[in-house]
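Chain by chain, the residues run as shown.
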Amino acid sequence: MGKPSIAVHKFSSCDGCQLAFLNAGEELLNLAELVDIKHFLEAGVADEYAHVDIAFVEGSISTTDELTRIQRVRACSRYVVTLGACATAGGLQALRNLDGSNTEWKHAIYAHPGFIHTLDQAEPVSAHIKVDFELWGCPVNGRQVLAAVQQLLFGVAPLEQRDKVCMECKRQHASCVMVTAGRPCLGPVTRTGCGALCPRFGRDCYACFGPAGNANTAALSRRLEGLGLTPADVARRFLFINNHAPSFNEAGKKHYRQGFSDD
Amino acid sequence: MDDTRFLPRQALQTLLDALHRQGYRTLGPVVQDAVVQYLDIDSIDRLPSGWTDDQAPGRYRLSRVDSPRCFAWATGAQALKPHLFHAREVLWNTRRDDAGKLVFGEQEPDVRRLAVIGVRACDLAALELQDRHFLHAIKDPYYGAKRQGLFVVAVHCAYSADTCFCASTGDGPRATHGFDLALSELDDGYLVETGSDRGRAIATQLPLQSATSTQVHEAAAAITEAANRQFRQLPSTHLRDVLFDRLQHPRWEEVAARCLACGNCTSVCPTCFCHAEHDDAALGGSTSQHLREWDSCFSEGHAYLHGFNVRPDTHQRYRQWMTHKLGSWHDQYGRSGCVGCGRCITWCPVGIDITEEANAICTADVPQGESP
Amino acid sequence: MNPYLPREAEIVARTEESPNTFSLHLHLTDGAPYSFAPGQFNMLYLYGSGEVPISIVSGSAEDGVLVHTIRALGRITNGLAKLQVGDRIGLRGPYGRGWPMRAAEDHDLIVVTGGLGCAPAVSIIHHVLTHRERYGNLSILQGVKHTDDLIWREQYDTWASLPGVQVLLAADVAAPGWPGHVGLVTALFDQLSLRTDRTIAMLCGPEMMMRAAAHDLHERGLAADAIHLSMERNMQCAVGHCGHCQMGGHFVCRDGPVFAWPQVRELLGVRGF
Ligand code: SF4
Ligand code: SF4
Ligand code: SF4
Ligand code: SF4
Ligand code: FES
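First to last, the sequence lines map onto chains A, B and C.
Take the first sequence: its position 80, counted from the start at 1, is 80 in our numbering, and no numbers get skipped.
Take the second sequence: its position 273, counted from the start at 1, is 273 in our numbering, and no numbers get skipped.
Take the third sequence: its position 21, counted from the start at 1, is 21 in our numbering, and no numbers get skipped.
So here's chain A without its partners, still in its complex pose (with noise of 0.2 Å):
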């Protein structure tokens, strides 16, 4: 039996997570060792349909074109392991789903809208075909990355982090932003995996990793505006990086006023 395979594929997204590969210094080297890398345009190997043991998908899926292609990779992959936001969630871009203005927008934007081939939303890839894993993260973090690989390569599911950053906060003995300096922590409503990095440098999360199990973000969002965030900050403390996500994309809307007009 051969090396395993990898694939990784772009769509729409800022490279970021795919960085956290190519950041993994002498680890990626040891990967390189292990996989037979079939395509990673990043790293310089180009092969992108290519049948692969696995396929890690970085980018929300937001024009036609990338539509057909999810469609193909799936069919090439043996699992297909999300990178991210942008593939997990939608990302950042998916804020142009609130509004449902996308055709307004292109025309106001685009000098020539007609080559502009978007979908009406930006979505997350599990909207369009089967994903056997998501990795969270807005970049994803490299340790992650490389232990869900290891697990995959050992044939046994990634383990599943679904807990708050609150926890992996109190293991780091991180002081709580919230409760000593009145910050508006998402902390309380985001999974772990980061290593409760912003709180360690003594700034509140900003929900990077997306939204975590029983995430109550009607009491947070109460809580936040008890620290004084009027509604269209709430509203923009949900509505950022993981803004597709449900739970996050309920509790913004409900204090989103269309074009935050206390602004």
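These are computed hints drawn from the structure, not numbers from a lab.
Just so you know, even glycine gets a beta-carbon here, dropped at the ideal spot from N, CA and C.
Some hints could be false.
Straight-line C-alpha distance at most 30 Å; calculated DSSO-like pairs for lysine-lysine [stated by the list, open to error]:
#1 C:K82 - A:K130
#2 C:K82 - B:K101
#3 A:K3 - B:K101
#4 C:K82 - A:K38
#5 A:K38 - A:K106
#6 A:K3 - C:K82
#7 A:K106 - A:K253
#8 A:K106 - A:K3
#9 A:K3 - A:K38
#10 A:K254 - A:K106
#11 C:K145 - C:K82
#12 A:K130 - A:K3
Here are the in silico distance ranges between beta carbons for each label pair [what the hints assert, rightly or not]:
#13 B:R88 - C:G31: 33 to 41 Å
#14 A:A75 - C:G183: 19 to 27 Å
#15 A:A75 - B:D98: 48 to 56 Å
#16 C:P262 - B:G23: 50 to 58 Å
#17 A:Y79 - C:S60: 40 to 48 Å
#18 A:A232 - B:A221: 32 to 40 Å
#19 C:R134 - A:E160: 42 to 50 Å
#20 B:T363 - A:T230: 35 to 43 Å
#21 A:G100 - B:E293: 38 to 46 Å
#22 C:D148 - A:C76: 34 to 42 Å
Since the structure of chain A is already known, use the hints to place chains B and C with the ligands on it.
Chains B and C with the ligands only, in chain A's frame:
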């Protein structure tokens, strides 16, 4: 307290020095990142002289007071728990050779001796409970090694925060046992009591003076004053049956609407012992470490069971926390699992107050005619 | 002694019990002694991924082989499902309190199981059949959702043919040709001739089934403490430290998994515990 002696303020350094001579690593309270934390100290200059804390549900602030005192604050975010039961630690590791054979290796426990200065009465009560948990029938070697080398310098509380309720659980504000040395802080120094042979051996190396009866009275009055300052309390110290009779109380759903299921309460609670185990395999798969890390009954994996979750809803998780802490702990360890430190109240991001919830649930009549 | 450290075990045989249930026959490679009581469990370690609690279905460890029947449901059990003969895993145990086999001597035994092939009950049956002279009549009552869920079907036929052994089957949904009862397993109690003063019942399966069965047997005259049941909870440390297996004040890993009914009656089947 026949053996009570007086140690002038600046002479506290001699205690650190004596402990160092005995090979102890010394931890003491230090202000860092806006919280009092037990960190390594070699000099008493790092102690939080002139700091006090202001605590309320979901709120912790330090402020300056015009006083030379180093222990004029009540509690930090953590008691001794992180130093004995680490937030994350390796239990063992495995190697797999080319033939597929597995070799298991033990992780050696950390046996360095640790002395902690400034331990509160509630922290000591919690320590005793964690001892019962980790050192009963089957001993945990990691907790055990650290516990064995632990030297405790307690400080009786002369100040309680608004969140403290140790008087109602019977665990403070005076430390009555479980310490090697105990201090009462006065403006010009400390009264020193000994509580063990190890403590007496260290005390002989300190420049102790005899204490005056005025000093002894002043210290005792301050402790009484700290107890009187407390206004929170639990309905009783034995709520086991009361709680298990009220498993269908509507308050569980009501508190769940406020609760974030974030696990901050259990993480700061000095008696909570839950931890999860998992593996961290090196890339390439030739070695793996088996770790444990703090877990919580508020987390999703806590009650996961072969394809389904025993506690999918937040109200069931809050109910587990309270019925365990104040109820079934009696079945396990013969007393309530709450020592009244108030940390879960302060560090709850939305300020849920265990005393308020317990009072609301326990004082209600038992709802009739229901079956679970 | 580190209570958490596994020993190495080799898979010496593997049997398929149903499309998603399989048995691993394990041999400890260190050759050190190992013994257990029916109803106890081991923690099996899938290299690099983690541990799961699995009860032992063998009747004894005399031949040096320990049989574990596993349903592939989660990440670790699905991983174990891919292993083959010759592969190595970790094993530590046995843990917990097993069935009261000593107290049950000279008694009739009723074993009531529900759900997909209940492994802890199989160890009772193996034990009784090995020490047949010590026990009275053995009644095995097995309930399943669908007849296709019944595993060890041939074994049931073999057991049913032995003297002093009665096998009664019930399925909520039955395929054509089903010899057993259609409905709840508790309905089978009518077919028992109970000698209430010298019978011990051992239950294993979904909590709601055990709750109903315990009540029913008690009403038919069995003493509450003559009814025993095996609980399932999330076990991670297996030594009473990690807190995951708590059910009220019990650490199921250490105080159970087998309990006398009065010990767990208060919370049995109460959602959330
Ligand atoms: S800082 Fe944020 S993540 Fe950390 S405990 Fe506080 S609320 Fe939770
Ligand atoms: S329950 Fe709350 S007050 Fe009681 S010991 Fe735990 S953290 Fe302290
Ligand atoms: S079950 Fe909950 S309350 Fe009890 S020790 Fe574990 S985390 Fe703490
Ligand atoms: S009670 Fe407070 S600290 Fe505890 S889980 Fe709920 S919100 Fe978090
Ligand atoms: S499995 Fe850890 S306490 Fe029971």
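How the hints compare with the structure:
no., hint, verdict
1, C:K82 - A:K130, "holds, 23 Å"
2, C:K82 - B:K101, "holds, 17 Å"
3, A:K3 - B:K101, "holds, 21 Å"
4, C:K82 - A:K38, "holds, 26 Å"
5, A:K38 - A:K106, "violated, 35 Å"
6, A:K3 - C:K82, "holds, 18 Å"
7, A:K106 - A:K253, "holds, 23 Å"
8, A:K106 - A:K3, "violated, 45 Å"
9, A:K3 - A:K38, "holds, 11 Å"
10, A:K254 - A:K106, "holds, 27 Å"
11, C:K145 - C:K82, "holds, 27 Å"
12, A:K130 - A:K3, "holds, 24 Å"
13, B:R88 - C:G31: 33 to 41 Å, "holds, 35 Å"
14, A:A75 - C:G183: 19 to 27 Å, "violated, 47 Å"
15, A:A75 - B:D98: 48 to 56 Å, "violated, 36 Å"
16, C:P262 - B:G23: 50 to 58 Å, "holds, 52 Å"
17, A:Y79 - C:S60: 40 to 48 Å, "holds, 42 Å"
18, A:A232 - B:A221: 32 to 40 Å, "violated, 53 Å"
19, C:R134 - A:E160: 42 to 50 Å, "holds, 47 Å"
20, B:T363 - A:T230: 35 to 43 Å, "holds, 38 Å"
21, A:G100 - B:E293: 38 to 46 Å, "holds, 44 Å"
22, C:D148 - A:C76: 34 to 42 Å, "holds, 35 Å"
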